[in-house]
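*Asks:* The lines below spell out each chain.
There are 2 protein chains.
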Amino acid sequence: MKRKNFFLAFMLLPMAAMATEVKSPNGNVVLNFTIDDGRPTYTLSYKGKDVVRPSHLGLELAKDKHASMGMNERDLMDGFTLVKEETSTFDETWQPIWGETRDIRNHYVEYVAVLQQQWRSAPAKAASGMQLQPRQHRREILIRFRVYDDGIGFRYEFPQQQDLNYFLIKDERTEFAMAGDHTAWWLPGDYDTQEQETQETKLSEIRSRMQEAVNWGNSSVAVFSMTGVQTSLQMKSQDGLYINIHEAACADYATMHLELVDAKTTELTTKLMGGSNAYTPAPSTVPGGSPAGSYPLPQPFTFVSHLTPDATGLKGAMQTPCETPWRTIIVSDDARDMLSSNLILNLNEPCKLEDTSWIHPTKYCGVWWEMIVGKSSWNYTDEFPSIKLDNIDWTKVKPNGRHAANNEKVKRYIDFAAKNGLDQVLVEGWNVGWEDWANMWKRDVFDFQTPYPDFDIQMLNDYAHSKGVKLLMHHETSSSTQNYERHMEKAFQLMNKYGYDAVKTGYVGDIIPRGDHHYSQSMNNHYLYVVKEAAKHHIMVNAHEATRPTGLCRTYPNLVGNESARGTEYEAFGGSRPDHTCILPFTRLQGGPMDYTPGIFVTRLNTWSNNTSWARITIAGSLALYLTMYSPLQMAADLPENYEQFDDAFQFIRDVACDWDESIYLEAEPADYITVARKAKGTDNWFIGGKCDENGHKTNIKLDFLDKGKKYDCTIYADAKDAHYETNPQAYTITKRVVKQGDVLKLTEAPGGGFAVSLMAK
Amino acid sequence: MKRKNFFLAFMLLPMAAMATEVKSPNGNVVLNFTIDDGRPTYTLSYKGKDVVRPSHLGLELAKDKHASMGMNERDLMDGFTLVKEETSTFDETWQPIWGETRDIRNHYVEYVAVLQQQWRSAPAKAASGMQLQPRQHRREILIRFRVYDDGIGFRYEFPQQQDLNYFLIKDERTEFAMAGDHTAWWLPGDYDTQEQETQETKLSEIRSRMQEAVNWGNSSVAVFSMTGVQTSLQMKSQDGLYINIHEAACADYATMHLELVDAKTTELTTKLMGGSNAYTPAPSTVPGGSPAGSYPLPQPFTFVSHLTPDATGLKGAMQTPCETPWRTIIVSDDARDMLSSNLILNLNEPCKLEDTSWIHPTKYCGVWWEMIVGKSSWNYTDEFPSIKLDNIDWTKVKPNGRHAANNEKVKRYIDFAAKNGLDQVLVEGWNVGWEDWANMWKRDVFDFQTPYPDFDIQMLNDYAHSKGVKLLMHHETSSSTQNYERHMEKAFQLMNKYGYDAVKTGYVGDIIPRGDHHYSQSMNNHYLYVVKEAAKHHIMVNAHEATRPTGLCRTYPNLVGNESARGTEYEAFGGSRPDHTCILPFTRLQGGPMDYTPGIFVTRLNTWSNNTSWARITIAGSLALYLTMYSPLQMAADLPENYEQFDDAFQFIRDVACDWDESIYLEAEPADYITVARKAKGTDNWFIGGKCDENGHKTNIKLDFLDKGKKYDCTIYADAKDAHYETNPQAYTITKRVVKQGDVLKLTEAPGGGFAVSLMAK
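Same order as they appear, the protein sequences are chains Z and P.
Under the working numbering, the first residue of the first sequence is numbered 1, with each subsequent residue one higher.
Under the working numbering, the first residue of the second sequence is numbered 1001, with each subsequent residue one higher.
It is worth saying that the hints were derived from the structure and are not from the lab.
Computed from a prediction, not measured in an experiment: that's the story for all the values here.
Possibly wrong hints are sitting among the right ones.
Incomplete in silico selection of chain P near chain Z, CB under 8 Å [as the list claims (entries may be wrong)]:
#	residue
1	Tyr1166
2	Asn1483
3	Arg1486
4	Glu1489
5	Gln1493
6	Arg1514
Glycine residues also receive a C-beta, built at the ideal position from the N, C-alpha and C atoms.
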C-alpha cells in the first residue's frame, strides 16, 4: 500500500507572514510553521499541549578562502521569504529485513516550505585575494517536515543552484524550545564518547550536574559545553508528555548534539556583551566564523543544535543537491509509544541492497568477557616495550601465557555454541598488534590479516563449520581509520576466504588522522563506507564506538548492530546503575539496535577473577534483556563455565528468538521498568521480558495477545522472592505451566531484576 | 666493494666535554661534535673555511593526554651527556636502476654519538587525570653523522627503550649557523606549495623580500614565517663556498623547512620578552607546547629547522625504534660539485624492490599543454553547476566541445609518438570528475575508473600498443587523499588490465582530510604508500605537487619523477624567469628528478591560443633542458603540430637519451649557466647541453671525455646569432661535423638560450 497525494500546493512571492498549520493523520500532533522576521520558525503541540515553543531554524556558514570559486559564506539564518508551500500525505507499509515487527507503517502528512534569500553583495576581496564584484544573489532552500501521529521529522534541503553549489557549515542552529523545565535523561555532549552513565535531572540542573556527569578519566572525553547533551535525548514534562529528540539518516553529515540555553546562559551573555556559551565557540576552532552574537539568544529551556567539528573546527563541507539528516521529535503521553515508535526508521531510505538473503539474525558467544574482566589478554606477548608489525617474527616471540584467542579455548567456545544452538563465536585478539594498540597514535596498528601463532584460522573455521557454527570476525581499528581503510578490502577478502559473514568493528581511542572526532562528518562517512564495502562482500557489521545510530540499518540492513553507548563491559569497569538498561531503550535504541552483550550470570567477577567490579543485575534480569534490549544480534556474554552452572536458566537464551513478527510494549517508564511481549518471526511462539530498576517492580501480564484457542507451554524465569541485584542476584525460579489467551501472569521483579517468559505454541 | 671498519670505539660515562673531530676521506670536510652545556653541538668546515658555526641539535616534544600511557613529553633538547662514540669508514660502489651515472660511489667516515639524558620526574597529573608517580628516567638517543668529501649528512636515531617508546614532536630544532651573509637562492617556506619563483638575496634580505616572494593569489599558500625558506636551499658565501642544505630519506616524517634567525629576530625577541619568531609558534597551533623562550635564541644567520605540522599543529608522532631523515649539507668551492654530488642518494637505503625489470626510462608526449594553455579543457561538459559522480549518466550529458582527451586527438598523439620514437602518451582529462574538481572541498571527486564517453580506453590502448606505444595514466587526486586511497587498488588494477605501466599523480588544492598539509608526516607517508602499492602492480609513479623529493627513488626506483617545483606549466601562467632552469638543478633536483616537461618550441602562446603568456626560452635552450634537467622521464611538452614546424630541431628530442652511464658537469654557476656532457647508457654516444640565464653565455667545450681514436657524428643545435628568448626565440642553427677526442666546440648561447649537441659514435 503506497499513496502519495498532493492536495495543497500554492505559490506566492513572497507569501504573507502567516503561520501554516499541519496536523498529523490522527490530528494529535500539530506543527506550525512561519517566517518570523525573515527567520524560519516552527512550533509543535501534542493533543493541544506545547511540545516545542517558537523555535528558529537555520545554519551559519563558514568563510572559506575559496569563496571566489563559488563557496558560499552568507549564513542560511535570516532574510528568508516563503515562496512556496506543498502539503501531501503518505501512507505505506513496508517490511524490514529484520526487526521488532514484520510490518511497519509509514504514515505522515508532509509539509515543504520553499524559502528564498535575495541580497546584493558588496564588493569584497576573497581570502584568496581575488576581487569579488557586487552582484545580485538569490538562493532557495527547502525545509521538509513529516508529521506523524507520534512526532515529527524535519530537515533542510539544498537544491543545486547557481548561488548555492558548495558551502561550509560553521554550525547548524536548529532550535528546540522546550515548554518547561522537563526531567531529562541525558549524556554529556561529547565529540568522542557516549559511554557515560545517563544523568537524570531537570533541564535547569544540567549545568550544575555536568562536572560530575563526565568521566574525566576517559582519555576520549571531548566535552564542548557545560550544557551540551547528546541525542537521543529523552524527556518527560511535568504535564506528562514524553518527548524524545534525536536524528534520522545521518550519513555524510556531522552528528548533532544539543546545547541548552538556560538562565545562566542568558546571564553570561549579558555579562559578556553579546557572547554566550551557546553561540561563541572559541574563535580558534571556527576559522573565519561570523562574530559572536550575530543572532539573538533563544529563551531559556531552548536546545540549539551543535554539530561535531572536524580537525579544523568546521562542521561540514556540503555540495548541493544535498540535505541534512532529519531532526526528530517523538512525542506521546504514553511512555510505551516512545519504544514502539518507528518514526526514525520510517524517515530513512528504503533498503538499498538488492540481495539481502545473506543477512540473518545471530546469537553468539565469544572469547571476550574474560579479557574485559582482565583474566586473560588480547595480546600474545609482553616481550617488547612496543611493536611494529613489520619487524616481528611472531613464531619466535615469547608468549605471555595469557593470550585468550588460542586454538584450545576457541574450540571450547565453538563446542559450547554448537551444543547450545548459538550461531557464531566472536574471537577478539586473534590478530597481531594488540601489544600496544591503544592511545599511542600508532597509524599502522593492525593489519587485520595476520593471526597470532596460536590461532589457526583455517583449522578453527573448519572446526566451527563442521559443527554448524561460524566464527565472528573482529576488527579493532584503534580509531586509525586510514589504516583500516587501507587494509579493509583484503580483510574482507580474508573473511570471505574462511567463511566469516559478520564483523565486529571497534573505534577505541583517538581518531587518526589526528584532530578528527568520532562523530564528525568524515567519520560518519567512514562508518557507512565500511558498511557499504562490507555489503559487497556479504558481510554484516556490528560497529563499536561508532556514532550512535540514526536508523540507517533500514537502508543498509547489514548494519546489524552498534555499541555506541555504555555496554555490559562497564560492569567490569566499576559497574553501571541498575536502571541503566531501563533508560537505553528510550535513548540509545531509538536509532537502531545495540550490541549490549547481555547475559551475565556470575555477577560477582571476583569469584573467578581478580576483578572487584560486579554487575548490578540478577540472573532473571539478565534474561529479560534479550527482550527489552531489542537487537537482531544477541550475545551470550558470560563464560561457558558460568552458564554451565545455571544450565536451566540458560535454556531461555537457547530458546529466545532475535527476530520478530510482532512486539507489544506492555508497560514502560524511563529508568523504572519496561515490559515487552514479542512474537518470534515465522512462528506462533511468544516471549515476554520485564526489566526494572533498583526499586523492583510488580506486574500483571494479561495474555490477551495470544491466539484464541491455542495453548502454549509457558516457562517463567523469575527472580526468587529474596533475589536482589546486590545481595542475591543468582536466586531465580523456573515455573512451567500451560496458558491460553486471556490468562494473567503475576510477576514480581526484584530490585535490579526482571523476568523472562517463553510461550511455545503447542 | 664494501668495507666497514670500526677503528675507534670507546666509552666513558659521562665523557669529558671535549670536541670530537671527524674528517672526510680526503680531509676537505671536517666535522666537530661536542656537548655544550648539555646540548649536542656541531660545526662544519671545508678546506679550513667555516661552513657551519657552532649549532645545536635537538627536538622539542609536545605534551599529550596519553602521557600516562608512556608518551614522552620531556624535550630532547638539553641535559645530555655523551656516553659513547663510534667512528667507522664505509666505501661501496653501487649501480642505480636509472641515473646520471652507471656507478655511484658511497664513501664516507661515519661518526655516531650516543647521548644520554637522566632525570627524576616530579609527581604530576597527566592530562588524562591519572596521577604520575615520581621516578628516575634514563633515555638514550644517537646522532649519526656521515662525513663525505662533498658534505655531510646527519640524523637523530631513537632506539627502542623503556623511557622512549612513543613521542610527539612539537618541532625539530636543528640549527645551521651560517658563517656569513651568504647569497641564497630560496623559496618562501610554505606547508603546501613550492611552485614559487626562486628568490636570490643575501640572507639578511630574506625578511624584506618575503612579502613580494609569495604568490598570495595561489590559494594553496601556507607561509609560516617572514624568514622561513624551503629546502633544498642553495647558498654561495662571499669567500666562494657553495653550500646546499636539504634532507635525505624523508619518509614517514614531516618535511623540513628552515627558519632564519636574523638581526630582526633578535630585536623582536628582546622586545617581546622571551618570544621570538623562531621559537614562538602560535600557542593555538601547538597543543601543550612548552613555553616560548625555553631555549636561548641562536645567533643571527642561523637557520633553525621547522617541520610541517598536521591539522592539530603537531609535527610528528613517533614510535621507537625510529630516526629522522638525514639533514644534508653539501659543500664545495666548485659549483659543479653541487650538481654531481650523490650525497643525498647515498644516504638513502638501497633498492627495496626485488624485481626492477619493469622500470624503464621514458620519453613521452601528451594531451596536456593545450589544456594548460587554455585552448581545450580537461572537463567534458559545462552543463551542471556542480557534479556528483554517482548522479550523472555521462552518455547523456551535453559535451562542451572543448574536451581534449577524445579518441581522435589521442590517436593523433599516439601517431606522433610512434613516428618519433616516443615511448608513451600522457592523457589528462580522460576520467570523469573534472567539471568541479578543484578547491571545492569535494572528497569524492574522482573515481579513477570511468572514462568520459569520448575516450575509448580499450580501443586507444589497443591502438597505442599496435604502434609500439603505451598510454601514460593520469590520476589527479585533487588532494583528496582519502578518496584516492579508497580507489587506488582498483585504479591500479585498471591500469594493469589495459597495459599502462606509469602514472602521473597530482595533488592540486587543499588536502582532504581538512587541515592537513602537503608536506606533513601523514602526507609524506601517503606519497610513499602510493609508490609502494604501485610497485606491487609494476607501475612507475610521477607525482606532481607532492613533497619535494629526498632521494627515495634510490630505494623505490619506480618513483621515476616528481614535479614539486615550478614547472613548464608556469610559462602559460605568466611565465618564469630565464634563469629559473639554471637554479633548479642546484635546488629542486638535489633530491631527485623533476618532471619539468620541457620542450616548448612555440614560445608565444598567443600564436595558437588566446593565452598571452610566453615562455622565456629559445628553441635551442629548450633542447638543452633534456640534458641540464636530468630525469629518466622526459616529456616533449609542445603540440605535435608545433614540433612539425621545426622537425629538424625536434630531431634532437628524438635522439636524446634519458638514462646515462656517465655525466660530466663542465661548467656551472647558480642562476647563470650549466653545461653538462652525458654518455647514453649502454652506448658510446654522448650528448651535451648548455643552458644559460637572460645574459647569454659563451663556452668552449673540450671534448677530452670522448674515447680515444673514435670518431663521432656531431650535430650542434645552437642559438642563431640574433636569437633572444624574448624577441627571436625560434632562431637556431644546426651544424653537423665529425669530431674526435680533444676537439673543441665553441658555442654561444643567446640570452635565455642554450645549446644541445649529439655525438653519435661512428
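*Asks:* All hints, please: hold or fail.
*Replies:* Against the structure, the hints:
1. Evaluation of the Tyr1166 (chain P) hint against chain Z yields a held restraint, the C-beta minimum of about 5 Å falling below 8 Å.
2. The criterion of a C-beta within 8 Å of any C-beta in chain Z is not met by Asn1483 (chain P), whose closest approach is roughly 10 Å, and the hint is violated.
3. Taking 8 Å as the C-beta contact cut-off toward chain Z, the hint placing Arg1486 (chain P) at the interface holds, the least distance being around 6 Å.
4. Interface restraint check for Glu1489 (chain P): the shortest CB-CB distance to chain Z comes to about 6 Å, inside 8 Å, so the restraint holds.
5. Violation of the interface hint for Gln1493 (chain P) is found here, the shortest Cβ-Cβ separation to chain Z being roughly 11 Å, above the 8 Å cut-off.
6. Checking Arg1514 (chain P) against chain Z by beta carbon gives a least distance of about 5 Å; that is within 8 Å, so the hint holds.
Hints 2, 5 from the list above are not met by this structure, while the remaining hints are.
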